[in-house]
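Construct the complete structure from the given sequences, taking the supplied hints into account.
Listed below are the residues making up each chain.
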Amino acid sequence: MAIDPQPEAAIPAGGPGAGPAAPEQEGKDRSDYSPWRLAFNRFLRNRVAVAFLVLFFLIVVFLLAAPLWAHHVAHTGPNQTHTVEKLHVGGEVREVVTVEGKPIGPQWLEADGKFFLGADSRLGRDEMVRLMYGGRISLFIGIVSGLITTTLAVILGLLAGYYRGWVDTVIARTLDVLWSLPVLLFGIALGVSLAVGGLKIGPLELSGGSVWVPIFVISIFTIPYVARPIRGEVLALSEKEFVEAAIAQGAGPGRVMFAEILPNLASTIIVFFTLNIANNMLFEAALSFLGAGVQPPNSSWGTMISIGVELLTTQPLLAIVPGVMIMLTVLSLNIVGDGLRDALDPRSKVRLGARTGVAEIEGASV
Amino acid sequence: MLRFVIRRLIGMVFVLFVVSILVFLIFNVIPNSPPAQRLAGKNATPVLVKSIEEEWGFDESLPVQYVTMMKNVFTGELTSYSPRIPVNDQIQEGIPATFSLSIGAGIIWLSFGLLLGYLAATRAGGWLDRALTGVAIAGISIPVFLLAPVLIYFLTYKLEIFPNGGYVKLTEDPWEWFTHLILPWFTLAVLSIGFYSRVLRSNMLDVMNEDYVRTARAKGLSEGRVMTRHVLRNSLIPIVTLFGLDFGATIAGTAIITEVLYGITGVGYYAAHAISNFELPPIMGVTLYGAFFVVFINTLVDIAYAYLDPRVRLGASAQ
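From first to last, the protein sequence lines are chains H and G. In terms of this note's numbering, the first sequence is residues 1 to 366. In terms of this note's numbering, the second sequence is residues 1 to 319.
No lab work stands behind these hints, which were simulated from the structure alone. Heads up, some of the hints might be wrong.
Claimed, not checked - Beta-carbon label-pair distances, calculated as ranges:
| # | chain 1 | residue 1 | chain 2 | residue 2 | range |
| --- | --- | --- | --- | --- | --- |
| 1 | G | 228 | H | 164 | 39 to 45 Å |
| 2 | G | 107 | H | 164 | 41 to 47 Å |
| 3 | G | 29 | H | 207 | 16 to 22 Å |
| 4 | G | 172 | H | 314 | 28 to 34 Å |
None of these values were measured; they are calculated from a predicted model. Beta carbons: idealized from backbone N, C-alpha and C, even for Gly.
Structure representation (structure tokens):
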């Protein structure tokens, strides 16, 4: 990553793991490219990371297509129940939910896409439609809480690393305590407490069933995982000559922090943001699975699994498909994040599998 | 060493205090609905809410309320209100199951992780090494609530290798206890095996470059002896810390989901049941005890670490 202000010095050509320095552009000197361009080229050479980035985009497209599938194929909504309806497949009539309360199994394309994955429970909701809409909520919570966590973590890291002294002591100790807590337990405690009563702080008002409750809970408890490494980097950066030069030119603390140091954190922030989304999605799924996250009638992949395991013996796909979706999304984000780290910071020793690498992204994972 | 231990213990008391304040904030202070209403549960009568309000002193000042809460939890007076059951009794009842699950899983992931990590380090770059990297990446991405349903469906229902969920007390029938716990143990452990093997591998590769390893080789020690006595021993120190932290986190967290999926009636199962009924007193109790347990374990780990590695305690007292 571009710690030094001069781009040429920042990124040495090629890096460990980048393989033999393939001449990606003939006839042009490498130093003509910006560090971002070089990093981009390096990322493209990482086949696995590119493949998983494509997979992630496919998942996003799949989720974005939810309304299309719901309106034009399944003709139902994610929370719409079909307790007494019957399905005409060929000449056959099938009940969506039998008298005993057993939901219909996967129909694949037999019923023109209706109940593609079957019905979810005795309520007879279309599992495929719920999978798509639930995934939107899961991903939304992951991304929004990732944005909040990263923003707060960067601000805290900058303040602690730049001012040092008692500011640093207070922030760093608080993060240490938060980091050592059993986050899942505290997430459950806060999630349930808020789900029962909602939240009201000044202008901020949340009802108990809002998806912003899990977002709030997840954002708070994952801050240390991002803020601690950022603080460490700010500590190192604020020793550099360019910071000294900025101060000598009369730049105030705000300008030094946000105009001088912050741009140098860009690559770290991008990597941690990616990994943080994955981590937060796992956290959300765990909370929702236990009933302390997304509340009905909304659904997420986590709540779908908790409904699905009730019918594990007869309809195993109800629990397994949302689980596989979570795994694919999280896996692709983790591998892309790792690839970004390699591409943006070829000198970094922090790799997935190296101690610090996994420890940092493991975080609150379940 | 004594100075270090005392410093750590003082630190622990401080963190315990902060943790209890945090729990207090979550349940009593955060301004949402009236706390008595929340504690009483969904179907509370006004009479019950009124009596809870008096019992917990919600009209008193915050410090008084805090003391009341701590007193309620630690004297065993904390009860769930529908039906009235003391929380501490329920937690105590669940502890053997939770510990059976977590300790067994810990033993499995530690022994397999170390064995595979050692093999990977001594054959760095080989197929085992690469396979373990893959397992480690998958391990942080596969959620327990995918792994467990897959294992239960295929191994329990389809192939009928393992008994169908539940927990059998060790004192009742040791063999049944064991067979009922095999799948849960592996569910909890599998994902950590890859991770621990990676950690040990990278530690060992670091240590192999140390001067004293070269010295050991130069004085003619066999390769096996260099690896076990010099490299492995020094690589294990960070693992102790990691294991302590993970073990605490497993008991007070990760085990909850595994317990629910396999129907193991431990503390986590009890907590999850309370969540689905939105009963707050059990969650308050479990959170407070769980967090205290984790802080306590972390302190023990710090002390063990300082004992194993003199550099830590000397560095700490020099500050």
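Status of each hint after checking the structure:
At about 44 Å, the beta-carbon gap between residue 228 of chain G and residue 164 of chain H stays in the expected band of 39 to 45 Å. For the hinted restraint 41 to 47 Å between residue 107 of chain G and residue 164 of chain H, the CB-CB distance of approximately 43 Å keeps it satisfied. At about 19 Å, the beta-carbon gap between residue 29 of chain G and residue 207 of chain H stays in the expected band of 16 to 22 Å. For the pair residue 172 of chain G and residue 314 of chain H, the beta carbons lie near 31 Å from each other, so the given range of 28 to 34 Å is met.
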